[in-house]
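K.L.:
Line order of the protein sequences matches chains A and B.
Heads up: the first sequence at position 184 corresponds to 277 in my numbering, and the numbers run straight through without jumps.
Heads up: the second sequence at position 207 corresponds to 764 in my numbering, and the numbers run straight through without jumps.
Hint data in this document are derived by calculation from the structure and do not stem from the laboratory.
Backbone N, C-alpha and C fix where the C-beta goes; we use that ideal spot for every residue, glycine too.
When the alpha-carbon atoms are kept at most 27 Å apart in a straight line, the in silico DSSO-like pairs for lysine-lysine are as follows: (1) A:K110 x B:K717; (2) A:K149 x B:K672; (3) B:K829 x A:K104; (4) B:K829 x A:K106; (5) A:K106 x B:K725; (6) A:K104 x B:K725; (7) A:K135 x B:K672; (8) B:K574 x B:K874.
Not the full set, but computed from the structure, chain A residues with beta-carbon under 8 Å of chain B: (9) K110; (10) R113; (11) I124; (12) S125; (13) E150; (14) L152; (15) Q160; (16) V162; (17) L172; (18) D174; (19) L175; (20) L179; (21) G182.
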Amino acid sequence: MSKSSKRLTPKQKERRKFMRSIALAVGVTGISLLGMVPVVGKWVERLRPPGALREKEFLAACIKCGQCVQVCPVEAIKLADLTDGLGIGVPYIDSRAQACDFSCDGLQCVLACPTGALIHEISFPSQVDMGIAKVVQPAQCLAVLGQGFKGQARGADFQGKLRYADIDRWNPIKVADHPYDLELCDLCVRQCPIEISIAECAAEDQREPKGKVARVAQRQENECPPKHAIELRNIDGAMTPVILEGCVGCGVCEMICPVEPAVIVMDASDSRANSRGMRT
Amino acid sequence: MSGVVESLRVLLGGTPKRVSKKELPEEVRELHKHKFADKERIEAIHIELREKAANKQPEKWRRKRWAVLAAVNLLFLVSYYLDIQLLEGALTASRFAGFHMADLNSALQVMLAFKHVVINLVIGTVTIFILWWLLGGRTFCSWVCPYHLVAEWAEMLHLKLVKKGWAKDYHFDRRSRTWLWLVFVILAVVTGYTIYETISPTGILSRALIYGPGVALIWVALLLLFEIFFSRRAWCRYACPIGLTYGFVGATSPFTVHYELPNCFHEGECRKVCLVPHVLDTVLKGRAREMEVDIGADCTRCLRCVDACPTGALTIKYKGLGDLL
Numbered sequence: 094m095s096k097s098s099k100r101l102t103p104k105q106k107e108r109r110k111f112m113r114s115i116a117l118a119v120g121v122t123g124i125s126l127l128g129m130v131p132v133v134g135k136w137v138e139r140l141r142p143p144g145a146l147r148e149k150e151f152l153a154a155c156i157k158c159g160q161c162v163q164v165c166p167v168e169a170i171k172l173a174d175l176t177d178g179l180g181i182g183v184p185y186i187d188s189r190a191q192a193c194d195f196s197c198d199g200l201q202c203v204l205a206c207p208t209g210a211l212i213h214e215i216s217f218p219s220q221v222d223m224g225i226a227k228v229v230q231p232a233q234c235l236a237v238l239g240q241g242f243k244g245q246a247r248g249a250d251f252q253g254k255l256r257y258a259d260i261d262r263w264n265p266i267k268v269a270d271h272p273y274d275l276e277l278c279d280l281c282v283r284q285c286p287i288e289i290s291i292a293e294c295a296a297e298d299q300r301e302p303k304g305k306v307a308r309v310a311q312r313q314e315n316e317c318p319p320k321h322a323i324e325l326r327n328i329d330g331a332m333t334p335v336i337l338e339g340c341v342g343c344g345v346c347e348m349i350c351p352v353e354p355a356v357i358v359m360d361a362s363d364s365r366a367n368s369r370g371m372r373t
Numbered sequence: 558m559s560g561v562v563e564s565l566r567v568l569l570g571g572t573p574k575r576v577s578k579k580e581l582p583e584e585v586r587e588l589h590k591h592k593f594a595d596k597e598r599i600e601a602i603h604i605e606l607r608e609k610a611a612n613k614q615p616e617k618w619r620r621k622r623w624a625v626l627a628a629v630n631l632l633f634l635v636s637y638y639l640d641i642q643l644l645e646g647a648l649t650a651s652r653f654a655g656f657h658m659a660d661l662n663s664a665l666q667v668m669l670a671f672k673h674v675v676i677n678l679v680i681g682t683v684t685i686f687i688l689w690w691l692l693g694g695r696t697f698c699s700w701v702c703p704y705h706l707v708a709e710w711a712e713m714l715h716l717k718l719v720k721k722g723w724a725k726d727y728h729f730d731r732r733s734r735t736w737l738w739l740v741f742v743i744l745a746v747v748t749g750y751t752i753y754e755t756i757s758p759t760g761i762l763s764r765a766l767i768y769g770p771g772v773a774l775i776w777v778a779l780l781l782l783f784e785i786f787f788s789r790r791a792w793c794r795y796a797c798p799i800g801l802t803y804g805f806v807g808a809t810s811p812f813t814v815h816y817e818l819p820n821c822f823h824e825g826e827c828r829k830v831c832l833v834p835h836v837l838d839t840v841l842k843g844r845a846r847e848m849e850v851d852i853g854a855d856c857t858r859c860l861r862c863v864d865a866c867p868t869g870a871l872t873i874k875y876k877g878l879g880d881l882l
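Throw the hints in and build the complete structure from the sequences for me.
P.N.:
Shown next as structure tokens:
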């Protein structure tokens, strides 16, 4: 090809520029639409923070700012990467690594959310509906096997934190700094925030039986969880963890389970699918 | 008012209108007749420009702007790490000392996709709208957006490579940004997802800085490589819907770069450094409609032209109430 034939007329140049621009716009749009693939294909199923709307609405409403991440005292909330497609920048909880133990008390992430992606109508842990715990391999469960547990629940290197009210009411500490010595392993029930809350309310009522009515009236709705979340039940002679109606899917039982892999895992698929991130 | 309409038209990708000589005001025509009579002054300007080119000084405004941009972005990081709750969140939405702020384009995407607006988002959006209207709209781009900063560095490299013939500068139709803005608005409504946020380099960089890097940075790197080798400042010029959103806000802003025809000797230094040189078409000989012109809405107020102009024809102007009316 000679040099002169390569020289373009202004009209040809304009045309090429126009075609290039179409390609640019189509290309950028196409790449952005690739973000739909992991979402539509359900590549990942994420446990979302307390109050998260149904997945579709949640992805739409979330402005991807991470204010929920910043307020969480146990740093349970993380932001998803581009591998989540258009779920990029959307908060999730990896409950095996660090569950939400409600140690902020007031659902700080919900209060922090600027767009209502975490529904503002809830104030207490028992109103949360993040998911539901599922006992996936009961045969490996220490309680089912009739075994106790001694030592650090997740080993010395585990970085996860929990709030142990008897040690420090306000500040969560590392699970590794709180060894156990149990005749029968009941860690999932023992550390369940809902169960702890129910026990605290009961203890409070017992301490001052006379003033009970007045105090109960002071308590706001659902401040004391109305339903149990988990119990060890004797099934055919084996103490088996059973998930009850009060489970909110916070993931603490999954995090604390000393068996590898965990006997209990969180399932975020059903519960939020039927509710707007809160219990009805 | 016609100035605003023309400025919006150019913002959306239109070519700046030419005015025939006859339509120009008498004083402008008169000025053009005598402007180049002072040969000594013109010569002095050229000597100054040659000296400037020989020993490059750092640009005054660019340094200040980079400092502000770094400070704003680092404030997010510092606030989070020291847990002082001064500036929480990221550039898409945040709280400054507890007060809500929401990026206008992110808020728009969320409102259109979610189709439900909570009061905190309204507060954040209105706050940011007023803030950037006062500060000039696209001022956000050059003074806050982290992608703008890395793209400026990429641009420096691009210009060097072009000089050596190792890179090309392909131009695109500026209307592509308007199309993309519309496409992302429509996609948000139709799909119910905030599609643009997936590829927003502004959001990705802001979150990477605050919450740690991720694979999303590969996308930003690809954009930068494209700009370095194929097209100067392509994302900011031809694609970014955030820039267009803030452009709308700044169309009537009191803060503008101000052009004075009598001081201009049409050296073209300003257009060489400008991210959006079409807004400076008015500095071309015979193009200014008035003795004084406010630069249009697409201007990011980066003030590089103010530094580049050898004769002080471009200055910063903050219009008072009288000027606005």
